[in-house]
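Participant: Given only the sequences and the hints, what does the whole structure look like? Please build it.
Residues in the sequence shown are numbered consecutively from 1, following the UniProt record's numbering.
I should point out that these hints are in silico values taken from the structure, not numbers from a laboratory.
A hint or two may mislead.
Said to hold, decoys possible - Below, in silico cross-link-like pairs of lysine to any residue (SDA-like), each with a Cα-Cα straight-line distance of 20 Å or less:
no., residue 1, residue 2
1, 256, 169
2, 200, 190
3, 256, 158
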Amino acid sequence: IMLLFKKDLGYNIVETVVLASIFALALAANAGAIRLVLRRKGRLGAASCLVLNLFCADLLFISAIPVIAVVRWTESWTLGEAVCHLLFYLMSLSGSVTILSLAAVSLERVVSIVRLKPSKPWKGRLVAACLLAIWALAALATLPVYVGFVLCLQEVYICTLVWPSIAGEIAWDVSFATTIFLVPGLVIVISYSKILQIAKASRRRLQVGMAYSQKHHIRISQQDFKLFRTLFLLMISFFVMWSPIIITILLILVQKFQPDVNIASFVFFWIMTFTFSNSIINPVLYNIVQFKHGWRQIFFCCQNPLGKKDTTTDMSVNILTLLNFMKA
1 IMLLFKKDLG
11 YNIVETVVLA
21 SIFALALAAN
31 AGAIRLVLRR
41 KGRLGAASCL
51 VLNLFCADLL
61 FISAIPVIAV
71 VRWTESWTLG
81 EAVCHLLFYL
91 MSLSGSVTIL
101 SLAAVSLERV
111 VSIVRLKPSK
121 PWKGRLVAAC
131 LLAIWALAAL
141 ATLPVYVGFV
151 LCLQEVYICT
161 LVWPSIAGEI
171 AWDVSFATTI
181 FLVPGLVIVI
191 SYSKILQIAK
201 ASRRRLQVGM
211 AYSQKHHIRI
221 SQQDFKLFRT
231 LFLLMISFFV
241 MWSPIIITIL
251 LILVQKFQPD
261 VNIASFVFFW
271 IMTFTFSNSI
281 INPVLYNIVQ
291 FKHGWRQIFF
301 CCQNPLGKKD
311 TTTDMSVNIL
321 TLLNFMKA
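Facilitator: In structure tokens, the structure reads:
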């Protein structure tokens, strides 16, 4: 896997325009999303802090765009070995933080919902510890990428991924895919499924007129339903837009056994460009669902029409519903 360089002026201009457009849109979208979250009244909760962490990871991810744009105009890697190590490491790091943050938000919300007793808000130290754990795990999991990308001299200097052994490459591929993609994805899917099942069980019991105890119930707000739906959509978007990168990594492994398999530089470029677009979708999708009029207020200076506020509807779930669900 490497960044090669094209001399076609027209093609380079197209690439630069595309990258610049994605960078500008992603920067504006994430900055606007951060502003909307910070404008919420009251103290930021754990979920809000984790969502902000996701947007910060997106900003880190798109910081690689200017470097790639410069590289595509040169005929050789001229940015030094340190940038070669850091470029793809920071891209992998930010992507890992994104999916881990999504999983952490879903887990935090489902735990707070299904607890029989109201849970106290997370303290600042606990939230900070969670954020630190996410970044530490992501940094450790992607460390081989930092080590593996090196400068190689062929006809020109190129920045490419070189593994010391095939066994090490296979071990990292499997462990990385499991830890950073499979496990967080399962956490989000299971959390979303659990909330849906609790809600359906609640509706069935309420429809037949079953009495329930006001003392022992769980309240699921409409805001939580919206949040879980958004997280599920963000997860799907993440896997769709990052799957080409995973496929490329697997093709690199295949190249060890099938040297005839080649990945053209322009294919790799457009794969990265497609993945960069995920940094636009994340904040837009989240805030369109969570803040109906927030985008209009920020970008068009419009007030919330008629002073309307988002309403929150609570659904009461009997403790028996939860117990039956856990037995199922």
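Participant: Hint by hint, say whether it matches the structure.
Facilitator: Quick rundown of the hints versus the structure:
With a C-alpha separation of about 10 Å, the suggested pairing of residue 256 with residue 169 holds against the 20 Å cut-off. Among the hinted pairs, residue 200 with residue 190 is consistent with the structure: their alpha-carbon atoms are about 15 Å apart, no more than 20 Å. Under the criterion of a C-alpha separation no larger than 20 Å, the hint pairing residue 256 with residue 158 is consistent with the structure, at around 19 Å.
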